[in-house]
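Model the full assembly from the supplied sequences, consistent with the hints where possible.
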Amino acid sequence: MIKILPRRFYNRHTLNVAKDLLGCFLLREYGGKKIRALITEVEAYHGEDDLACHASRGRTPRTEVMYGQPGHAYVYMIYGMYHCLNIVTEKKDFPAAVLIRAVHPQSSSVARSDRFIRGRTAGQHRERTDLAYGPGKLCKFLKIDRKLNQWDLTKGDKLWLEARNPKIKLPKIVKSRRIGIDYAQHCREYLWRFSLKE
DNA sequence: TATACGATCACCT
DNA sequence: GGTGATCGTATAC
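The first sequence begins at 0 in numbering that gives the first Met the number 0 and counts up by one.
In case anyone wonders, no lab produced these hints; they're calculated from the structure. Just so you know, even glycine gets a beta-carbon here, dropped at the ideal spot from N, CA and C. Hints are not guaranteed to be accurate.
[Unchecked claim] For each label pair, taking beta carbons as the anchor points, the in silico distance ranges come out as:
1) 90 x 55: 14 to 22 Å
2) 12 x 161: 15 to 23 Å
3) 60 x 174: 31 to 39 Å
4) 6 x 80: 14 to 22 Å
5) 196 x 30: 30 to 38 Å
Okay, structure coming up:
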């Protein structure tokens, strides 16, 4: 039974949403293709007091989406060449989001995309999790860019999320410090990066 | 208007 | 371990 994550899933504390997103599926549909990917690594960015959060300097045109309704996408360009996908959390007017750092594409998705990206022939398919390991790489793999900024993720179209299979036991969740935010003073010590062990 | 820099990645030593 | 690519955003002037 496949279930699209509803708005109320995102309208909770960001740390809980982040942990609960592990093992869920990120779905991307474009050009007649549908890719399903297991979420394996996330980071939480929570409120204006979090110095690592883009909203730490308040409302700006860029951060406005994080102040909006939960369950929308916050996609921004980083270093002039990559995009990062975030899931907006918490109630309206509280700025917070979960950065999707890594996903594990389903085999059929990898096969399709490998053929599309690298022109591989049938029989050469194999797991290529490296294609989606890292926030920049997964956006490239899933063709996610700023056109999907503010996209409603509860509609089940173009980009959405589905619940994990409750019958499958989840690997242990590993907590660690967030990546690339050394400027965030004491906030860089927070263990707000969550990943599935393995 | 000008400038500094970043929630990254690939490639180098 | 280090560096360059490349441009939107925030901030300073």
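Hints and how they fare:
1. 90 x 55: 14 to 22 Å: Given range 14 to 22 Å: holds, Cβ gap about 19 Å.
2. 12 x 161: 15 to 23 Å: Given range 15 to 23 Å: holds, Cβ gap about 21 Å.
3. 60 x 174: 31 to 39 Å: 33 Å, holds
4. 6 x 80: 14 to 22 Å: For residue 80 against residue 6, whose Cβ atoms are near 33 Å apart, the range 14 to 22 Å is violated.
5. 196 x 30: 30 to 38 Å: 34 Å, holds
In summary, the one numbered hint that this structure violates is 4.
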